Every structure is written in C-alpha cells, then in structure tokens.
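**Student:** Next come the chains, spelled out residue by residue.
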Amino acid sequence: MRISEILRLVMLNLSQNKFKVILTSVGIIVGSATIMMVLAIGTGGKLEVAEQFKNLNAGAIDISYESNATEFGSGGRDGGGGMPNMGGGFGGGGGFPSGGGMPDMGNGMPDMGGMNDDRMNQEKIVLSTEDMEDLAVFVPNIADTTISYTTTTEVEGGDLDSASSYTIAGVKSNYMSISNLELAMGEFLSDENDENKEKYCVLGYSIAKEIFGSVYEAYESVIYIDSRPYVVRGVLSEMGSVASGISPDTTIFIPYETGIKYITGEDVSPTITVIAEDVDEVDIVKENIESVLADSYANAEFTITDAGSKMEAASKSNETLQILLVAMAVIVFCVGGIGIMNVLFVSVKERTNEIGILKALGCSQKDILMEFLMEACFMSFIGAVLGVMLALGITPIVESFSVRVELSISGGLLSLAFGVITGTIFGFYPAYKASTLIPVVALNQE
Amino acid sequence: MSIIEIKHVNKGYMLGDEKVPVLKDINFSVEKGEFVAILGPSGSGKTTLMNIIGCMDLLDSGEYYLNGRAIHETTEKDMTQVRNKEIGFIFQNYQLISTYNVMQNIIMPLLMRGMGHKEAEEKCQEIVKLLSIDHRLEHRPNELSGGQKQRVSIARALASEPAILLADEPTGALDTVSGQEVLKLFGKLNEMGNTIVMITHDLKVAQAAKRIVKIVDGRLSDYDGTYN
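Chains as they are written, first to last, in our numbering: chain A, 1 to 446; chain S, 447 to 674.
I should point out that these hints are in silico values taken from the structure, not numbers from a laboratory.
All of these numbers come straight from a predicted model, not from anything done at the bench.
We put the beta carbon where it would ideally sit given N, CA and C, even for glycine.
Any given hint could turn out to be false.
Claimed, not checked - Simulated DEER-style distance windows between Cβ atoms:
hint, chain 1, residue 1, chain 2, residue 2, range
1, S, Glu607, A, Val441, 38 to 48 Å
2, S, Glu565, A, Lys18, 21 to 31 Å
3, S, Glu572, A, Leu23, 40 to 50 Å
Claimed, not checked - Result set (BS3-like, lysine-lysine): computed pairs, CA atoms no more than 30 Å apart in a straight line:
hint, chain 1, residue 1, chain 2, residue 2
4, A, Lys349, S, Lys523
5, A, Lys433, S, Lys531
6, S, Lys531, A, Lys366
7, S, Lys650, S, Lys630
8, S, Lys478, S, Lys453
9, S, Lys531, A, Lys349
10, S, Lys650, A, Lys366
11, S, Lys575, S, Lys564
12, A, Lys197, A, Lys209
13, S, Lys650, A, Lys433
14, S, Lys634, S, Lys478
15, S, Lys478, S, Lys630
16, S, Lys523, A, Lys366
17, S, Lys575, S, Lys523
18, A, Lys261, A, Lys197
19, S, Lys523, S, Lys465
20, A, Lys366, S, Lys564
21, S, Lys470, S, Lys564
22, A, Lys349, S, Lys634
23, S, Lys465, A, Lys433
24, S, Lys531, S, Lys478
25, A, Lys18, S, Lys564
Unchecked claim - Just some of the chain S residues that point at chain A, by a computed CB distance under 10 Å:
hint, residue
26, Gly458
27, Lys531
28, Leu542
Construct the entire structure; sequences and hints are all you get.
**Tutor:** Next comes the structure, spelled out in structure tokens:
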C-alpha cells in the first residue's frame, strides 16, 4: 500500500475521532509543554547566572574576617565590600560570611592547621590597607589587590524630598577595573581623592536616576552623605542584577579613606580582593594568602572565597535544577506515552473487526502496522504541537513569578520531537498487536 | 481448467487436549466460470471450508490449488497476496468499514495492491454503475439499506478482478426481495464469466447456483436432491 494512501486513511480515521485524539494526546501535550518550559527555564537560568557574573573577574579572591565577638558584624553597618558578585564579606547582610549561601563552595573556611578551637576569631581584627599591601608583596602570582567595605547611611540632595538610606561603598581607585565596572559619565575615584580623603563620589546607575532623574543631571551635582556634601565625580553604566555583594547600580562609591574618616570610623569590616594572575593558580594563591595572614593574625580564621568557585557553584546549582526538571518531563512523557498506549489498545480492540476486514481483503501485516503506528505518531504530533502552544501560553504566567523563561525555536522543535518519538514508541506495541491478529478471529469479532 | 482443486483436505480444531475433526478428506474442484453452491447445515464445517478456500485458514493435511498455485505450500505473507488478488469475498454481514464511505470501501483491495485512490476510483466506475450504487458513493454504510450494503460488498469483491467470488451466506441478512436481487446479480455476474462459490444453509438460495455440493459432518458430497 502506498504511504500516501495509508496517510489518507490515517487522516480519515483521526478526523472522525477528534475528541478521542485530543484526550489521547493530553499526556503528550503536558509532556511537550514541560520539556519546552524546562529548556526555556534552564536557558533562562543559565543566562541569569551569566548576567549576574558578567562583571566578575574569574581570578578574584575575596578575604574577609568574622569575629566571634557578639558586638561585631551584627548591625548591618560596616559590611564587607569585595567584588560586586562575590558577596560582601560579612556585615552586609548582618554579619554573615561572604559566600552568599552558595552550595559546594569548596573553599570558604580554610583549614588553619589545628587552630579551630575556642580562641579562634575572638579578637577584633580590622583588615587594613597594610594587610592588603602585605598580600601584594608576599603572595606571588597576584595581578592586583584592592580593599573595600560597605555601609548604609542617610543621603540627601537632588530630587530627594527627605533623607533616605543608601548603600555606601568605600573603595580604592582600582576597584572599577578589578570589578569590570563601566562609566556612563565622568571619572571614577582617584588615588588623590583617597589619599586626601576628598568628598567625591561615583553613583550607581539606578541611584543616579533615583536621586537626580538622569545620569546627565547627576554628573557634577552635590549629594549629602551623612550631612556632608560630596561632589558626583562620575556615574556608572547600568550593570544589572548581581548574585550577591555590592550591587553597583544601587551603590554610592566614595574614596576608601574618606569613608573611614567621615562615616564609619574604625568600626568597619573591609574585604580585601586579590586578583590572581592566572585563574588556574587561584587555589595556590589562596593557600599563600592563608599563610601570609596566619603570620599576621595567629588566632584568626579568614573567609576566603574565589569567584570561580562561586560561578561553578551557581552553574552546578542551575544544572541540578535543570536535571530535576528534565527528569520530571521524562516522567510526564512516560505517563503520556502509557496513556497513548492504553488508548491505542482500546482502539485496536474496538477496530478488531475492521482489521479483520482489511486482512481478509489482503492488507499486509506491514501496512496495518504502519497505519496504527502513523496514527500514534500523528496523535502525538498533534499533542506535541498543542503542548508547544500551551508552553507559549503559560510563559507569561511563569514569568510573573519572577522566573526567567527563554523560549527558543530549538526548544520547541526538541519538545515536538520528544512528543512524537514518545507517542510512536508507546504506540508500537498496540500497532504490532493489531498487525498480528488472525484474520478469521478478527473478522468474527463484534 | 480447475480454478479450485482440493485433494484429501483435513482440518480440525483443538478442544482442550482433544482435536475435533471438522473437515474430513475433502475432495472438491471448481472449474473456471462455474457457479457452485456449498450447501450445509449449521456445524457441518462449511464455514471452515470457506476459510480454507478463502486462504484465511491453514489446512492440516491435503492439497489445495487455487488458480494453479499450491496454497498448502504458501506462507501467511503469500496468502495475504492471494486473498487480495485471487479472491473476492462477499460476507453475510457485508463487513464494510463503517468509517469509510462507499467508494472508499470499494477501492480498498486496489489500494492494498499499491494503486493510487484516483486510479482506483476510475477503475471502479463501471462496477458501481453495474451494481446501481453510483448515486451512493459518498454515503457511509450506516446510511444504506441491507441490499445496498451487499451490493457495495459485491462491488468491492469485483473491484480486484479476482479468480473467484467467494460468498458466505450472501442473502443471510437480507429480506426476501433483496435476497432475490442479489442472487439474480450473482447469475448475471456468472454469465459475465465470473467464477462464484457460494456457501449457504438455505436450499432455495443454493438452487440459484448451477451446481450444488453438500457438506454434512465435515464430508463433502454431490447434492443428491435430499437436504434436511
């Protein structure tokens, strides 16, 4: 029998059983929609991670210190600084060590050689510019170092009707290059600003718009931080959301020393950021950092996190989620496939007499197998198309829950393919059973 | 030349552990152009004989030649082809596919041969006119009368230009008038050169054939004028 004629018969049969086709396809509809959404959410997650880490320096290592003393690091003031995506040491969120709760960091607290006793971290240590310089001198294979901290204080000026709390970051002049920040207008803070403790600031993009309405208006304007006037030296480009730590868009950057003099005093918990020359040497550099710091602070444990581990952890977390979703989709497909198989078995039973007639008239086993298999294939194709449409339909709803969904043509095609393949595989056995019916027996079946 | 030649055919079915013989040493032949009725009461084995003649069942022993081909030596796959090319089935309950219209039902044997549906429909035009169903081609079987359904069944059997028309109780589901019409049609088709083998339990129906053979308790014999 010609394939075109079998197709014609298949279409004829399906068109006369539209409702049954839709009901049979429900499993495939759900399965295809799930696969498409899984791929879209997975891709969205990957892009989200990539965007959050886009201004991350892969060789960056953050060093911060958390004292066990209760009065320290618990007020949200004087939090750590660090790379924008690296977490902010402690204090930014209430004195928690940097790392942002990412799983499998594989670093974090280093083994300090048997010093993990009650005496650890009892003294109050403030990482300083001198510590940073020590690391720059004694730790080999370092490209750059910087030190920073964040705090929260009242800001006035611009279009603000009253004083509002904003995140202030005290940073060195090299912070911008280390953090891959870009300027929309003006200049970043200079070494002179820092050394002379000058009252200059650089605004994040969102803050500039919030306080002054536009980047242009903000540039060279004056804002009052803790009631002291600061000249806006520059405005950063929009950097988007970041994984944790300093969010450049919503932060006001001031010279490191200026902040200590006028805002925080010595009650601050800075983060030193070290950039390894080679990403592959990050682990060695971390070990050397531990050694150098151990010389200076014998009874202290420092939190040392590297950006690569964070990226890896975030990616792994995302991959795990995707695997979970794919597993869910596979289960849905299996259920859908079994549904198709059941309905086709019922269909074979219902049409046993018809199969008997076809066999009596000389229809070959192959043609009957092909006809039933094509029916399964078409039913699952219809289901898969409806599934893709369903996925398109529910995308806005999923997005309304702040889940990033990145639909793609390849995702759609893949879910179509999965739907059709599943239906066809599960449809094979009923089709085979139909094709092997004995004509005399089938013909006499009512 | 014999279209059908059956020699010493035996056939039985398993009933539990025991084999029950249904056909016993059947010897039977049909010449080309003959119209033969196989007459037998219920349980006599006539349906089993029909299934064997129609290549839908295998015989246990003996020889069966259809149009010169040794059916007893062929495989199931080959028997499918034989059914399609050599035999035109006409069933008691028509056996039309309910989801297909009249024309789709009629052309099915031709489609199975690999013919396209347009070519097949053209080929069947004369047959549907001959059987006066040309005005019902788009109708479904459930929209036809019993007589019309049987004519569609006959048209389907004729469409493939088979060596024999094999009719199983062709009037069994019809009223008297429709039954008579079908039998007249068989006569006409036979006059046109078609070989017809008709199986029936009804002597009056069998008498429409030119030759009658009788089957009782699985044994075939020439009709001797007696039938209960």
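**Student:** A separate judgement is required for each hint: does it hold in the structure or not?
**Tutor:** Status of each hint after checking the structure:
Our hint of 38 to 48 Å for Glu607(S) and Val441(A) is violated, since their Cβ atoms are close to 28 Å apart. Range check, Glu565(S) to Lys18(A): about 30 Å between beta-carbon atoms, so the 21 to 31 Å window is met. Glu572(S) and Leu23(A) have their C-beta atoms about 43 Å apart, which keeps the hinted 40 to 50 Å range intact. The straight-line distance between the Cα atoms of Lys349(A) and Lys523(S) is roughly 23 Å, inside the 30 Å bound, and the hint therefore holds.
For the hint pairing Lys433(A) with Lys531(S), the CA-to-CA distance comes to about 25 Å; that is within 30 Å, so the pair holds. For the suggested pair Lys531(S) and Lys366(A), the alpha carbons sit about 17 Å apart, so the restraint of at most 30 Å is met. Distance restraint check for Lys650(S) and Lys630(S): the Cα-Cα separation of roughly 13 Å lies within the 30 Å cut-off, and the hinted pair is therefore satisfied. Taking the CA atoms of Lys478(S) and Lys453(S), the gap is about 17 Å. The hint holds against a cut of 30 Å.
As the CA atoms of Lys531(S) and Lys349(A) are separated by approximately 28 Å, the hinted pair is consistent with the 30 Å bound. For the hint pairing Lys650(S) with Lys366(A), the CA-to-CA distance comes to about 42 Å; that exceeds 30 Å, so the pair is violated. Of the supplied pair hints, the one linking Lys575(S) and Lys564(S) holds, its CA atoms being roughly 17 Å apart against a limit of 30 Å. Distance restraint check for Lys197(A) and Lys209(A): the Cα-Cα separation of roughly 26 Å lies within the 30 Å cut-off, and the hinted pair is therefore satisfied.
Only pairs whose Cα atoms come within 30 Å are accepted, and Lys650(S) paired with Lys433(A) is rejected, the gap being roughly 42 Å. A hinted pair counts as satisfied when its Cα atoms are at most 30 Å apart, and Lys634(S) with Lys478(S) qualifies at roughly 15 Å. This hinted pair checks out: Lys478(S) and Lys630(S) have alpha carbons roughly 19 Å apart, not beyond 30 Å. For a cut-off of 30 Å, the pair hint linking Lys523(S) to Lys366(A) stands: about 10 Å separates their Cα positions.
At most 30 Å may separate the alpha-carbon atoms for a hinted pair to count; Lys575(S) and Lys523(S) exceed this at roughly 34 Å. For the given pair, Lys261(A) sits about 7 Å from Lys197(A) by alpha-carbon distance, which is consistent with the 30 Å threshold. For the given pair, Lys523(S) sits about 26 Å from Lys465(S) by alpha-carbon distance, which is consistent with the 30 Å threshold. The hinted pair formed by Lys366(A) and Lys564(S) meets the criterion: a straight-line CA distance of about 23 Å does not exceed 30 Å.
Under the criterion of a C-alpha separation no larger than 30 Å, the hint pairing Lys470(S) with Lys564(S) is inconsistent with the structure, at around 46 Å. Distance restraint check for Lys349(A) and Lys634(S): the Cα-Cα separation of roughly 39 Å exceeds the 30 Å cut-off, and the hinted pair is therefore not satisfied. In summary, the hint linking Lys465(S) to Lys433(A) is supported, as the alpha carbons are separated by about 27 Å, within the 30 Å threshold. Restraint check for Lys531(S) and Lys478(S): satisfied, since their Cα atoms lie roughly 16 Å apart, inside the 30 Å limit.
Between Lys18(A) and Lys564(S), the direct Cα distance comes to roughly 26 Å. Compliance with the 30 Å bound is thereby established for this hinted pair. The restraint placing Gly458(S) at the interface with chain A is violated, with a minimum CB-CB distance near 15 Å, outside the 10 Å limit. Given hint, Lys531(S) at the interface with chain A, holds; its Cβ is 7 Å from that chain's nearest Cβ, closer than 10 Å. Satisfaction of the interface hint for Leu542(S) is found here, the shortest Cβ-Cβ separation to chain A being roughly 8 Å, below the 10 Å cut-off.
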